[in-house]
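Asks: Which chain is which? The protein sequence lines are A and B, in order. Residue 39 in this note's numbering is what sits at position 39 of the first sequence, and the numbering runs on without skipping anything. Residue 15 in this note's numbering is what sits at position 15 of the second sequence, and the numbering runs on without skipping anything.
No lab work stands behind these hints, which were simulated from the structure alone. A hint or two may mislead.
Said to hold, decoys possible - Think about it this way: if two alpha-carbon atoms lie no more than 30 Å apart in a straight line, the pair counts; the simulated DSS-like pairs of lysine-lysine are:
| hint | chain 1 | residue 1 | chain 2 | residue 2 |
| --- | --- | --- | --- | --- |
| 1 | A | K381 | B | K25 |
| 2 | B | K61 | A | K374 |
| 3 | A | K506 | A | K434 |
| 4 | B | K19 | A | K55 |
| 5 | B | K19 | A | K128 |
| 6 | A | K358 | B | K54 |
| 7 | A | K283 | A | K295 |
| 8 | A | K510 | B | K25 |
| 9 | B | K61 | A | K361 |
| 10 | B | K54 | A | K125 |
Said to hold, decoys possible - Simulated restraints on C-beta separations:
| hint | chain 1 | residue 1 | chain 2 | residue 2 | range |
| --- | --- | --- | --- | --- | --- |
| 11 | A | S268 | B | L44 | 28 to 36 Å |
| 12 | A | P281 | B | D49 | 41 to 49 Å |
| 13 | B | E16 | A | Q218 | 29 to 37 Å |
| 14 | B | T22 | A | V126 | 19 to 27 Å |
| 15 | B | L44 | A | G410 | 40 to 48 Å |
| 16 | A | Y449 | B | L44 | 41 to 49 Å |
| 17 | B | I31 | A | W177 | 32 to 40 Å |
| 18 | A | K128 | B | F18 | 18 to 26 Å |
| 19 | B | R9 | A | Q218 | 22 to 30 Å |
| 20 | B | A40 | A | G429 | 51 to 59 Å |
| 21 | B | I31 | A | L213 | 30 to 38 Å |
| 22 | A | S7 | B | R9 | 41 to 49 Å |
Glycine included, every Cβ here is placed at the ideal spot set by N, Cα and C.
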Amino acid sequence: MIEHLDSALVDWSRAQFALTAMYHWLFVPLTLGITFIIAFMETLYVKTGDPEWKKATKFWMTLFGINFAIGVATGIILEFEFGTNWSNYSWFVGDIFGAPLAIEGIMAFFMESTFIAVMFFGWNKVSKKFHLLSTWLVAIGSNLSALWILVANGWMQFPTGMHFNPETARNEMLNFWDVFLSPVAINKFLHTITSAYVLSAVFVIGVSAWFLLKGREQLLAKRSIIIAGIFGILSSLFLVYTGDGSAYEVAQKQPMKLAAMEGLYEGSEGAGLIVVGMPTPGKEYDDDKDDYVFKFEIPKLLSFLGYGSVDAFVPGVKDLIEGGYEYTDEDGNLQTAISTQEKIEMGKLAIAALSSYKKAKEAGNAEEETVNLKIFRENFKYFGYGFLNDPKSVIPNVPLTFYSFHIMVGLGFYFIALFAAVLILIYRGQLTEKRWLLKLSILTIPLAYIASMSGWIVAEVGRQPWTIQDLLPTVAAVSQIDASAVQITFWLFLAIFTALLIAELKIMIKQIKIGPKEGGH
Amino acid sequence: MKNKNVFVRIFRFYYEGFKSMTVGKRLWAIIIIKLFIMFAILKLFFFKDFLNEKFENEDDKADYVIEQLTKPNNIKHD
């Protein structure tokens, strides 16, 4: 750790960012997915002219409106935090974040002020087709809005397409398409939005199941279950596909995260994928304890998913710290991994060279300038390691990452089973008789949120200590502000966001109980 | 008679939309209170931009961040 930094400041800044990001994410996924479900329903209304479809569209649109209204602008808090708590980071990322976030801001503004207004106020005022177009544009626009944020996050996980300017200490975008089409960003976007679709499908099925249990709005509920069930199962299958893509990218770009996801301390060839297991509590990477208290694994699957070969070597935490194992680099050449200690030394060389380069520049010493710039460039790949003093600093919280990953995956497969069950039973006309399944569908709504949050915990906790992979750890990214100020706003946010969540739940539940009705939203 | 002025039509579209809202009115109240808290209280008093507050130009900001990143403690080899 950097000695001059107050660890309480780093911890509180991280806690505050995690709190606000997670509360923000409570509102986002439902917006991303339910807008498509609404668009499907309205399309059926426009095609068939059946007023029951309009009734269903308007009902779900009202629930979307509640979620949207309560959640809108909660993400702005994160941008406040970037400028106040994470000023080194904000400066360091430079225009890499500027462009995507500016596009997102403009897109969100235009979408929210125009098409959402048409969607809610435009019934009977614009043509059916224009209204339908607006609904689709809200669905597509909100997802595109998420795209830019996730591209920015993807860059933090795998920085590419940029050049670090040592004069300004900022990253400058060299190639927009490398940033935008980075495999990590693409997988992250697709995996995240499809997870949001699954959550929305679970939400619609759960609420519809409540109507069926109460014997109300049978047609609306059954039709909603069919639409959400099909949307959910297709999204889930795509989620498995993008999850596989994400795991592959993590194996290539963030092997420490993969090791933490699987609780793998000792690497091996032909590594199995843990289906159920318990990492040994208190396990250190260099002790003799077993990695797991117990485990049930699918042999060789981790090697296959991560590296495309059943016999591939998957490095564990210990291997990544100590180095020495062989791997194939991006150009297909066989390389021997260096240790984390060596990376730390190279990072310190880069930091020292940056300092000397700056001094030489000020003194007008061109020769020193060139020499230090060369050293800096040669070692920049490991720049962030220079802020660490202990190789163990690069190990994320293994139990939290492991359990979050397995909860996410387990729930993901459970959702597939649920979608399949409700679809089969509704096809056979037996769903209303299966009251236990209807009750289970309602209870599944919070599980969808747990799965979604778990995914973010894997993505973000699993890549600690980095804010930008290998380049900037959290300890170097924070602003030198008073930790107590961060603490105060942490509690303030907790109070505000909890109040918003309670408001959302109360208004949403009240509106569900009222059910669909004629008139405005 | 339909008003031909596009701005008047847009105004009436929003005005009538808001007027006919039911649950939406309470939601708008929440949105307005929330935005007030965020921008008039949090942003103004708690979340000033750290670098903008301390420095007036980009060069000074760059020098400060480089200084932060290259402090001797960061360079020290174990």
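Asks: Each of the hints needs a verdict: does it hold here or not?
Replies: These are the hints, each one checked on the structure:
no., hint, verdict
1, A:K381 x B:K25, "violated, 53 Å"
2, B:K61 x A:K374, "holds, 24 Å"
3, A:K506 x A:K434, "holds, 28 Å"
4, B:K19 x A:K55, "holds, 21 Å"
5, B:K19 x A:K128, "holds, 22 Å"
6, A:K358 x B:K54, "holds, 21 Å"
7, A:K283 x A:K295, "holds, 15 Å"
8, A:K510 x B:K25, "holds, 15 Å"
9, B:K61 x A:K361, "holds, 17 Å"
10, B:K54 x A:K125, "violated, 52 Å"
11, A:S268 x B:L44: 28 to 36 Å, "violated, 56 Å"
12, A:P281 x B:D49: 41 to 49 Å, "holds, 43 Å"
13, B:E16 x A:Q218: 29 to 37 Å, "holds, 34 Å"
14, B:T22 x A:V126: 19 to 27 Å, "holds, 20 Å"
15, B:L44 x A:G410: 40 to 48 Å, "holds, 45 Å"
16, A:Y449 x B:L44: 41 to 49 Å, "violated, 32 Å"
17, B:I31 x A:W177: 32 to 40 Å, "holds, 37 Å"
18, A:K128 x B:F18: 18 to 26 Å, "holds, 22 Å"
19, B:R9 x A:Q218: 22 to 30 Å, "violated, 41 Å"
20, B:A40 x A:G429: 51 to 59 Å, "holds, 56 Å"
21, B:I31 x A:L213: 30 to 38 Å, "holds, 33 Å"
22, A:S7 x B:R9: 41 to 49 Å, "violated, 59 Å"
Hint compliance for this structure: hints 1, 10, 11, 16, 19, 22 are broken, all remaining hints hold.
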